[in-house]
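Visitor: Protein chains in written order, with the numbering used here: chain F, 1 to 299; chain X, 1 to 299.
The reader is advised that the hints may include incorrect statements.
One copy or two, it doesn't matter: identical chains are merged, so the pair holds either way.
Using 27 angstroms as the maximum straight-line C-alpha spacing, the simulated DSSO-like pairs for lysine-lysine come out as follows [claimed, not checked]:
1) K172 / K280
2) K116 / K43
3) K268 / K190
4) K233 / K43
5) K172 / K97
6) K172 / K156
7) K216 / K156
8) K2 / K105
9) K280 / K190
10) K43 / K97
Please keep in mind that the hints were generated in silico from the structure rather than gathered at the bench.
Number of protein chains: 2
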Amino acid sequence: MKVRDLGEDRLIEQLLPRLSLRKAVATAPGDDCAVVEAQHRRKLLVLKTDCVVERVHFLRGTNAFNVGWKAMMRPLSDFAATSAVPQFALITLMAPKQTEVAWVKELYRGLRRAAKRFEVSIVGGETSSTPGPVAISTSVVGFVERDRAVSRRGGKAGDDLFVTGRLGGGLKQKHLQFIPRIAESRWLTKNFPIHAMMDLSDGLGTDLPRLARTSKVGFKIQVENLPLTRGAKLNDAISEGEDYELLFAVSSRDRSRLQRAWAKKFPKLLLTRIGSLNRKPKTENLKLPGGYVHFQQPS
Amino acid sequence: MKVRDLGEDRLIEQLLPRLSLRKAVATAPGDDCAVVEAQHRRKLLVLKTDCVVERVHFLRGTNAFNVGWKAMMRPLSDFAATSAVPQFALITLMAPKQTEVAWVKELYRGLRRAAKRFEVSIVGGETSSTPGPVAISTSVVGFVERDRAVSRRGGKAGDDLFVTGRLGGGLKQKHLQFIPRIAESRWLTKNFPIHAMMDLSDGLGTDLPRLARTSKVGFKIQVENLPLTRGAKLNDAISEGEDYELLFAVSSRDRSRLQRAWAKKFPKLLLTRIGSLNRKPKTENLKLPGGYVHFQQPS
């Protein structure tokens, strides 16, 4: 069987159960970040790696600064999902020998600028030649307070589902310039018991079923409530991906307090209640006028 | 200018000064590992990333188990260089969609087996498709006691230079099956003040000048003392690379105690005094009968 036929989720699932997880691990791989016991009793170590590959995550002509920005911000978006504070980053650059040094320098300028935005130190890295496309792998290490670590698990039937910002249109420009919602996520876990959270990188139609499945609940979405990016269609908001917004579940009892406090703290960033979690452990198949099944069934 | 014309060392040097190093960083990038302040006062956090790329670090037909083994053991060899204890690993796999799942599973079996050898937990990872060759990036996080962290710096004029094992012939089979010298390195720093240390991945002729340059000293090698792998030529031992043995500098006052204790603790592993560090801040150009300049000049 080819990797293509299995799909990334299934591949990770098949590889994961056999990974050598020790007691020190607080969450499992497949989550947005790995969270492990740190030396400090009240804090957990948080680890995440991600990569961007030419012709997969960016096109050949893309501005190198933007590629560097994206390569750093993607794993930082997973830190936002975990409500963790990133501290250190390592960069692995795989580039053909004929790559222009000026391009690489511009790439690192993007990486550094993105790291600086969240006070992350780039503390190491490795370069390798490759006969293939440019690829950049970024690993980030940081911490989260034990009582503030959030994962995809923990969503409860009856919880409200919220998303930050607007969905859709990510592939146009946002995927190269987005700002991970770390500040928002840290504020959320400081002030509210957030049951489950993730960042929307593959699109709501793929990511929400993942959250529901991991939390062992179902979900119901009010499609008419989805906050669309200007010019984006409903289908874009569900299927396009690269939104890098937060999706989270919180008790409906906190709804009005959350909405009031959010509007005061982040007046420029939309927070939208898009639906709720329910007992039905099956995901809802959303049939839109076009007839597409947008939400992926659990496999 | 192309990356090819600049070389990896120069590229890293040009990129490094501008990296956002904060106070928390105990050693600089370009060292074998990044060593940063941990929460625990007596321990430092150690971070390392590395990659293996098809057609650069392994050939297309290479046994996938061995590729996985190498992908894990390369960064662990840097932990040996730092005398650090590895704890957690993250894997980024970039593979074409037509890759056989069986190949990927065998790759992970190699990764897991190698990790288990040193009680490392693989706690996360990411997969991506690629239009190019298979590439695996491995990031490892661990710790080192503050008073046992070793780097390439710290070598002093008059120090003895030692290498473990035998050099040369690494490309034949050893580069796919080597065992990083972590146990040996940990024993060394527990029992002796090791001034400087690194692992030999690019060959003594490239790596020793790096150590000398970073320590701001010169070196002198007794070529006739170099411990050659059976069948390997002197030139292989100096230039071939992929030895993954330790090279370290220690006060000559510790010489006889070290040699006695080593022979007792590691009777099966050779420890050879190959030369010494000296004041001359220039590297020695070794002209062998063939006429090659084997030791790289500092740039």
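Visitor: Failing hints, ascending?
Guide: 1, 4, 6, 9, 10
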